[in-house]
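Trainee: What follows is each chain in one-letter form.
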Amino acid sequence: MFDKILFATCARDACDAAARMAFDIAQRYNAHIYVFHVFGVPTHGYSQVVIDLITGDELILNENYVDFVKEEISDYCNQVLKNTKDYSFEVTIGFPHREILRFARRIDPDLIVMGGSTGDPDISFYKKTMTGSTYQRVARAARCPVLVVSRPAASFGGHFSNVVFAADFSIADDAAFAFAFRLVQEQELD
Amino acid sequence: MSDLGEAIMPEGTLCNKNPIQTEEALKTLLSDTSGKKYYEEMKSIDIDSRLLWDTIHKTFHSRMRTWLEICAHCGLCADSCFFYRIHNRDPKQVPAYKIQSTLGEIIRRKGKVDNKFMWMAMETAWAKCTCCNRCGLYCPHGIDMGVMFSYLRGLLYQQGFVPWELKIGAGMHRVYHAQMDVTDEDFVETFKWMAEEYQEDYPGLTIPIDKVGADIMYTVNAREVKHYPEALAEAAILFHLAGENWTIPSSGWEQTSLAMFAGDWEACKMQVEHVYAAMERLRPKRMVGTECGHAHRATVVEGPYWAGRKDGRPPVESLHYVEWLAEALRTGKLKIDPSKRIKERTTLQDSCNYIRNHGLKEITREIIGYIVEPGYFVDMAPNRDHNHCCGGGGGLNGIGIFREQRNKALITKRDQIIKTGATLVLAPCHNCWDAIRDIEKEYRIGIRWSLLRPLLIDLVEIPEHLKLNE
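So the protein sequences, as listed, match chains A and B.
So the first sequence is numbered by my numbering: it starts at 2 and just counts up by one.
So the second sequence is numbered by my numbering: it starts at 889 and just counts up by one.
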């Protein structure tokens, strides 16, 4: 069902639940999981300056910093990586939704897993209940299903037990129903 | 020993007179974060005075010679320069002083200058002038100090005195024929990707590649491929909705030239010849470039001279994007839904490189007449060919060691915008767009800013035969 999973992470708490679910699914289906992180957006024209998406600081892009970010991602995924053998890290700069879609086009994943919103729920309650702009833009254009995980699913062990298909009778419904039907059929779900 | 009798120092491994020619050399220079070692080495590099004077003999001709000699030191250029105005009218920021104390001095000394002088000249050429050419407009003799600073940059580049980022930028053009590490394959694939992504909303959207004899050949800024691919999609959509017979070249698609900002004359020639080769290969009726000022100047205005074309014109008629857009609106190829016109106090950035330097001041205003509700547009003061530089032109936006000077240089534009009371700034130029974004970041004046293309996508009517059938 899933051979390649793209887990797009912001490497913050907002993605913790998504990380656990992504790795659970990867283990369950023996899939390769690509851990993908966009760490900065370019600024100052053609220069090498990027704005770190986590700290907001300006930094100069170089190989050492890229290696440092990869290490941070590895540490971030430490707990879930222990049981995973088939994974790889990819870090880059750019505008997150755009780079996620660019990478997805390159690797053609079966599933993209993302967190809901990186907004601080202590500042705005709606950040807990709404998906962020990155997810919305990725979901709009992705060529595969996009799973958003906003909160922990304690009982999820990597496999689905039942599926709820919510239809709005739009064109996108066709593709969504086809996926839901296939999932139910192959996994013998309710 | 040098001509000054000094022991000749070895050239640096990173900072030297050699241009960047290979991917490996690019990576090596890029790995020197912020150019720390590069600038350290620059403090010790020697001046090849013989080479400098020899180059001047071959390239410094009657026009510039006359300019330097007939300057009456009247000071009328002073107030024309935004650097002079924001630095409390410091006499050392008067354009005539700046060029006479650098290029003028090199000529007077017959090239016998030292390392300290060249540092001063580098800072003057890149942090005290954006080559906006406004001074040339105000000089009673028509002496264009901005043009002379472009020339001075070439002399400095040849001697190894060029900001780190621009040495890299010129190297990118030599290696990739683009201002960033974007290959021809990246370009074509990204355009195809954008078409795939937007085909559902715009049925029939395709990207014609290497079509011979098309009406339009479209060229871009490499940063659109690398970081802003929506710009490619928007261009394709608008050509599609306008029913244009257009194409992109699979090679020769980069219209910009950081080599021009860097003073790498050889790379300037290589870059424009690469684009002209695409024009000659595909024989379009016209070339339309993206919304970028320096790209237009590099390929359409100065490019023919780099390529040795005696008529001063590219191989085919070449338009700035705003010229195509105005024509499309004027002829009805693109129609605006009047109910969607912008109803927000809006102003316009008149970009130096295609307004003052290529006369398109009324073209942009014609477009505004279609897209902004009457009563909502407010011109900056001054405007049109008298407008001030955005503050980041001539490559200044990207140069780290001169960031402080650049941030101060933004003040003039900031104040112009504030005086209009506008909340939306139209900036049909990638460089101006960057500078205005940085104005908002630095000074928080409460504006949003945009190129024209993304706005047009929301405003334009979709012809019946191209509408999505639900």
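Take the hints with a grain of salt, since some may be wrong.
[Unchecked claim] Pairwise CB distance ranges, derived in the manner of DEER restraints:
1) E64/A - G1247/B: 15 to 25 Å
2) R138/A - C962/B: 21 to 31 Å
3) A1165/B - K71/A: 33 to 43 Å
4) E59/A - T1311/B: 19 to 29 Å
No lab work stands behind these hints: they were computed from the structure.
Just so it is clear, CB atoms sit at the ideal spot from N, CA and C, and this is done for glycine as well.
Trainee: For every hint, state whether the structure bears it out.
Mentor: Hint by hint, here is what the structure shows:
{"no.": "1", "hint": "E64/A - G1247/B: 15 to 25 Å", "result": "45 Å, violated"}
{"no.": "2", "hint": "R138/A - C962/B: 21 to 31 Å", "result": "56 Å, violated"}
{"no.": "3", "hint": "A1165/B - K71/A: 33 to 43 Å", "result": "40 Å, holds"}
{"no.": "4", "hint": "E59/A - T1311/B: 19 to 29 Å", "result": "26 Å, holds"}
Hints 1, 2, counting from the list given before, are not met by this structure.
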